[in-house]
Amino acid sequence: MKRTVVDLFCGCGGFSRGFLEEGFDIVLGIDIDVKASKSFSENFPKAVIL
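If you want our numbering, it's the position in the sequence shown, counting the first as 1, plus 65.
No wet-lab data here; the hints were simulated from the structure.
Please note that a few of the clues may not be correct.
Restraint-style ranges between C-beta atoms, simulated for each label pair [as the list claims (entries may be wrong)]:
id, residue 1, residue 2, range
1, P110, G83, 15 to 21 Å
2, P110, R68, 15 to 21 Å
3, I97, K67, 24 to 30 Å
4, L115, E87, 20 to 26 Å
5, G83, V113, 18 to 24 Å
Derived lysine-lysine pairs resembling DSS-like cross-links, with alpha carbons at most 30 Å apart [stated by the list, open to error]:
id, residue 1, residue 2
6, K67, K103
7, K111, K67
8, K111, K100
All C-beta atoms in this analysis are idealised placements derived from N, C-alpha and C, irrespective of residue type, glycine included.
The whole structure should be built from the sequences, with the hints applied where relevant.
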């Protein structure tokens, strides 16, 4: 079973990238910055972004 990650204040997803490289599933990113959220969405297309 894979572990899942929720990234709060995700920015472009650098924190999530480290987890992804270690085999985690990135399921959710949350950020108030629209540009950062768009970048996160492009980097992790399977994750939900809020």
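Going through the hints against the structure:
no.	hint	verdict
1	P110 x G83: 15 to 21 Å	holds, 18 Å
2	P110 x R68: 15 to 21 Å	holds, 19 Å
3	I97 x K67: 24 to 30 Å	holds, 28 Å
4	L115 x E87: 20 to 26 Å	holds, 24 Å
5	G83 x V113: 18 to 24 Å	holds, 19 Å
6	K67 x K103	holds, 25 Å
7	K111 x K67	holds, 15 Å
8	K111 x K100	holds, 18 Å
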